[in-house]
Each structure stands twice: as C-alpha cells, then as structure tokens.
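Engineer: Chain residues, written in single-letter form:
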Amino acid sequence: MQTDIPIIELKNLTRRYGKVDAVNGLSLTVRPGRCYGMFGRNGAGKTTTIKCLLNLLRPTSGTARVFGLDPQKNEVAVKSRLTYVPDSVAFYPWMSVRDTLAYLASFRKHWNRDIETDLLQRFQLDPNQKADRLSRGQKTQLALIGAICPEPELLVLDEPTMGLDPIVRREFIETVIGAYQSGEPQPRTVFVSTHLISEFEGLIDEFTIIEQGRELLTMEADSARDRFRKIRARFVQPPGSFELPGALDVRRNGRELEILANGNSEQLLEKLRARQPEELRCESLSLEEIFVASGILKKANL
Amino acid sequence: MMFQIDFKSGKPVYLQLADQVRYAAASGALRPGDPLPSIRPLAEELRVNRNTVAKAYAELESQGVIETAPGKGCFLKENNSPFTKQVRQKLLITEIDEAVVMAHHLQVDRDRFLALVNERLDYFERKSGATKRDD
Chain A
0 MQTDIPIIEL
10 KNLTRRYGKV
20 DAVNGLSLTV
30 RPGRCYGMFG
40 RNGAGKTTTI
50 KCLLNLLRPT
60 SGTARVFGLD
70 PQKNEVAVKS
80 RLTYVPDSVA
90 FYPWMSVRDT
100 LAYLASFRKH
110 WNRDIETDLL
120 QRFQLDPNQK
130 ADRLSRGQKT
140 QLALIGAICP
150 EPELLVLDEP
160 TMGLDPIVRR
170 EFIETVIGAY
180 QSGEPQPRTV
190 FVSTHLISEF
200 EGLIDEFTII
210 EQGRELLTME
220 ADSARDRFRK
230 IRARFVQPPG
240 SFELPGALDV
250 RRNGRELEIL
260 ANGNSEQLLE
270 KLRARQPEEL
280 RCESLSLEEI
290 FVASGILKKA
300 NL
Chain B
0 MMFQIDFKSG
10 KPVYLQLADQ
20 VRYAAASGAL
30 RPGDPLPSIR
40 PLAEELRVNR
50 NTVAKAYAEL
60 ESQGVIETAP
70 GKGCFLKENN
80 SPFTKQVRQK
90 LLITEIDEAV
100 VMAHHLQVDR
110 DRFLALVNER
120 LDYFERKSGA
130 TKRDD
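From first to last, the protein sequence lines are chains A and B.
For the first sequence, numbering that gives the first Met the number 0 gives the first residue as 0, with consecutive numbering after it.
For the second sequence, numbering that gives the first Met the number 0 gives the first residue as 0, with consecutive numbering after it.
Where hints are given, some of them may not hold.
What the hints assert, rightly or not - What follows is a list of derived Cβ distance ranges for each label pair:
#: 1; chain 1: B; residue 1: Pro34; chain 2: A; residue 2: Asp98; range: 50 to 60 Å
#: 2; chain 1: B; residue 1: Arg39; chain 2: A; residue 2: Ile4; range: 19 to 29 Å
#: 3; chain 1: A; residue 1: Gln236; chain 2: B; residue 2: Gly32; range: 28 to 38 Å
#: 4; chain 1: A; residue 1: Ile4; chain 2: B; residue 2: Arg109; range: 51 to 61 Å
#: 5; chain 1: A; residue 1: Arg272; chain 2: B; residue 2: Ala114; range: 17 to 27 Å
#: 6; chain 1: B; residue 1: Pro40; chain 2: A; residue 2: Thr62; range: 34 to 44 Å
#: 7; chain 1: A; residue 1: Ser105; chain 2: B; residue 2: Asn78; range: 54 to 64 Å
#: 8; chain 1: A; residue 1: Ser134; chain 2: B; residue 2: Pro69; range: 36 to 46 Å
#: 9; chain 1: B; residue 1: Arg87; chain 2: A; residue 2: Ser105; range: 52 to 62 Å
Said to hold, decoys possible - Incomplete in silico selection of chain A near chain B, CB under 8 Å:
#: 10; residue: Val19
#: 11; residue: Cys34
#: 12; residue: Gly177
#: 13; residue: Glu282
Read the hints as simulated data drawn from the structure, not as lab findings.
No residue lacks a Cβ here, since even glycine has one placed at the ideal position from N, Cα and C.
Starting from the given sequences, assemble the full structure and let the hints guide the process.
Structural biologist: Structure representation (structure tokens):
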C-alpha cells in the first residue's frame with residue numbers, strides 16, 4: 000500500500016448551482032489514518048464538497064481525488080473503498096433491519112459479521128424490526144452499522160449526529176472510535192463534516208473551517224488549542240483603556256477583561272500581570288469556540 | 000486508573016494522558032507490573048482518537064516508564080529511566096523552572112516555595128508508602 004498518497008485531496012474545488020458558488024476554490028488534503036473535520040455553518044458548502052467526493056455531484060472546476068483517483072472516472076474503485084453516512088438516512092421501509100444489512104452487504108466484497116452482531120447488540124436493535132418503524136436515532140445507528148461492517152479505508156460522515164439525542168450521539172462517537180478504528184492492518188481514515196463540534200473534539204486530528212465555500216482556517220487540533228486562548232482578567236478598579244497589541248479581540252465589562260489571544264498569550268499575560276490583576280486566568284479555546292470565533296479570525300485575516 | 004481530559008488546558012491530549020500515568024506512578028496509584036488500560040476501551044471511554052492514546056503510550060515507552068508485552072498490553076516498568084543522570088536532571092530542570100516562574104508571579108517567596116517542595120515530596124512518599132503497605 001502506498002501510504003504517501005493522500006486519502007482525499009481537493010484542489011481549487013468549485014461547484015456552482017446556477018449563479019451561486021456553493022463551493023468556491025476549496026483545497027484540502029487528508030492523510031491516511033487521520034480523523035479530519037470539516038466545520039462550517041449551514042450552507043457553507045460541506046455537503047456539496049462531500050457529494051463531489053462521491054461523484055454524486057460533478058465539480059464545476061478544480062479537482063477532487065480520493066485514494067489518488069478521480070471519483071468521476073473510477074467511481075466503483077473509489078466507492079468500494081469507502082463508506083458514507085449522510086445527514087439524513089433512508090432505507091426501504093418494507094425491509095427489516097436484518098434484510099437491510101444483508102442488502103447493504105451484497106454490494107460489498109468484505110463484511111465483518113462479528114462487528115455486525117456486536118453493534119446490533121450494543122444499539123439494542125431488533126433484527127426483525129421493519130426499517131420504517133425505526134426512530135431517527137435507530138436509523139442512524141443502522142446506517143452506521145452498514146458503514147462500519149465493510150471495514151473501509153475511509154469513513155465519510157456528513158453531519159452524522161444532527162437531530163440525535165445526547166446518548167445516541169455519544170454511542171455514535173464511541174462506535175466510530177472503537178469499532179471502526181480498531182482495524183490495525185491499514186490505517187482507517189475518517190472525514191467528518193459537522194457543526195456539532197464538541198462531541199468530536201477528542202477525535203479530530205486536523206480540521207478545516209469553511210465559510211461560503213472557501214477555506215477559512217486549516218490547523219492541527221492540538222496546535223489550534225495551543226494557539227487560540229482566552230484570557231480573563233479582573234482588576235480592583237476598572238482598568239481604563241490600554242493597548243494590548245496582538246489581541247484578536249478584547250471585551251471589557253467594568254473591572255473585567257476578556258481577551259482572545261492568537262499564539263501570543265504569554266506576552267499578553269505579561270502585560271496584564273504588570274497591572275496587577277485581582278484574578279488572571281488563561282484557557283485554551285475548544286474547537287467549537289474556535290469555530291464560533293472564526294468571524295473574528297476572518298476579520299484578522301488569518 | 001482513571002484518566003481525565005481537559006481540552007481547555009492547552010496541553011496536547013496525548014501529553015495529558017502521559018503525564019497522568021507518570022503522576023499515578025509517582026503517587027503509587029500505579030505500581031510496577033500493573034497493566035495500563037488497553038488502547039481501544041480507553042479511547043472509547045474518553046472519546047478521543049485511538050491514535051492519541053497510542054501516541055501517549057509510545058511516548059511513555061520511549062521514556063522507559065512503561066513496557067509493551069506483545070499481545071498482552073502495556074505495563075508499568077520498574078522505575079529506571081533509560082536516560083543518563085545528566086539528561087534526567089536537565090529534563091527536571093525545565094519543569095522546575097516553570098514552577099519557579101509560576102511562584103514568582105504568584106508572589107510565593109523562596110522559603111515558602113522550598114517548604115512547599117518538601118511538603119509535596121513528603122506527600123508523594125507517604126502516598127506510595129501507604130500503597131506499598133497494602134500488599
């Protein structure tokens with residue numbers, strides 16, 4: 000296996016619907032074995048991007064490569080090595096859970112029966128239940144089983160936890176970590192698009208925030224949490240205005256200051272300490288907070 | 000042992016895990032020969048990437064804190080670092096420096112700082128002594 004070939008590679012990907020650029024010159028690279036997050040608001044172009052990877056849509060311009068292959072020209076080769084859980088799943092209503100899985104398995108060269116049994120038990124899904132009697136959470140669980148049993152090299156998740164209750168969400172993530180990532184021989188890659196970021200926080204190695212079809216920020220999760228920090232300072236007296244060069248954002252509220260640091264928290268802390276604050280705290284931004292702050296990042300031209 | 004992850008601490012998650020193992024070893028919560036949790040269940044429980052746990056264990060192994068028995072998992076090693084005394088002291092000095100800087104900012108003076116260091120040394124000694132007596 001050639002591990003130097005990126006699992007996903009987008010170069011200037013553009014997809015237009017009429018006059019609207021849903022994806023507008025997006026480039027990103029997902030290396031093997033990574034869990035890569037694509038964060039963006041509704042309408043940012045996440046689903047359109049994923050559909051271009053799966054040849055459900057053709058790019059207007061630019062290229063999408065999966066396993067180094069063009070999904071348009073090598074559709075079967077690409078799709079046989081990945082699975083996909085879309086944002087809303089639908090099954091044939093007359094099929095039972097068992098029939099549905101057998102049907103999905105019929106398209107696959109490989110299907111891990113043990114994982115299937117394990118997961119059915121874990122999710123407490125009745126194999127005889129008809130698909131149209133399943134709740135939304137159960138349908139997503141069924142789709143996840145269908146995506147994990149073929150043990151693909153790439154698992155593509157599009158807003159997988161939207162509309163699910165917290166317990167089902169938690170189980171979903173645990174299953175991706177446990178059942179999917181457990182295959183040792185070849186690296187398993189996850190590409191997940193979401194705006195419910197906090198659940199995926201521990202799973203994400205690297206991420207891209209997209210806005211209006213463009214890349215806003217691409218970073219390793221650990222370096223992002225190291226770089227973006229929130230400093231809170233409280234003074235005995237309202238501190239008046241003083242310069243805090245390099246701060247991304249400063250919010251003042253009476254005796255309190257809240258400062259967004261961009262890789263310069265030490266210098267900012269030093270400046271604040273000089274003014275002898277009553278309290279001074281510094282913490283990392285979570286990936287979700289970084290996403291929420293991305294408007295500020297954009298203004299700062301990062 | 001129980002792990003706890005704090006994404007807001009600014010410390011990479013794998014280092015948090017490695018540090019907690021080192022802490023558990025120093026305080027006697029983990030003793031030489033004790034098994035560490037397997038990667039998969041621990042990753043699931045903490046909802047972190049398996050690679051993160053694997054990276055933490057790899058770091059601990061390279062520092063001689065734990066050892067891997069193929070097919071059996073990871074175990075805490077007898078306390079002998081593979082580094083020379085000089086390197087070990089250097090590693091420690093960086094950590095001490097951080098504490099010294101911190102003490103300065105928190106206006107803890109030299110005597111108080113040294114007293115605290117002694118207090119903590121006693122604390123860890125008592126703790127690991129206590130677990131040894133449990134045998």
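Engineer: State for each hint whether it applies.
Structural biologist: Hint-by-hint comparison with the structure:
1. Distance hint check: the CB atoms of Pro34 of chain B and Asp98 of chain A are about 43 Å apart, inconsistent with the given range 50 to 60 Å.
2. The given range of 19 to 29 Å is respected by Arg39 of chain B and Ile4 of chain A, whose C-beta atoms sit roughly 27 Å from each other.
3. About 58 Å separates the C-beta atoms of Gln236 of chain A and Gly32 of chain B, a value inconsistent with the hinted range of 28 to 38 Å.
4. Between Ile4 of chain A and Arg109 of chain B the beta carbon distance is about 58 Å. The supplied range of 51 to 61 Å therefore holds.
5. Arg272 of chain A and Ala114 of chain B have their C-beta atoms about 24 Å apart, which keeps the hinted 17 to 27 Å range intact.
6. Take Pro40 of chain B and Thr62 of chain A: their Cβ atoms lie about 40 Å apart, and the range 34 to 44 Å holds.
7. Against the hinted window of 54 to 64 Å, the Cβ-Cβ separation of Ser105 of chain A and Asn78 of chain B comes to about 56 Å, which satisfies the hint.
8. Between Ser134 of chain A and Pro69 of chain B the CB atoms are about 44 Å apart, so this pair conforms to the stated range of 36 to 46 Å.
9. At roughly 60 Å, the beta carbons of Arg87 of chain B and Ser105 of chain A sit within the given window of 52 to 62 Å.
10. The interface hint given for Val19 of chain A is broken, as the beta carbon of that residue sits about 35 Å from the closest beta carbon of chain B, more than 8 Å.
11. With 8 Å as the threshold, the beta carbon of Cys34 of chain A comes within range of chain B, its nearest partner Cβ sitting at about 6 Å, so the hint holds.
12. Annotation: interface hint on Gly177 of chain A holds; nearest CB of chain B at approximately 4 Å, less than 8 Å.
13. Residue-level restraint check for Glu282 of chain A holds (minimum Cβ-Cβ distance to chain B is 4 Å; threshold 8 Å).
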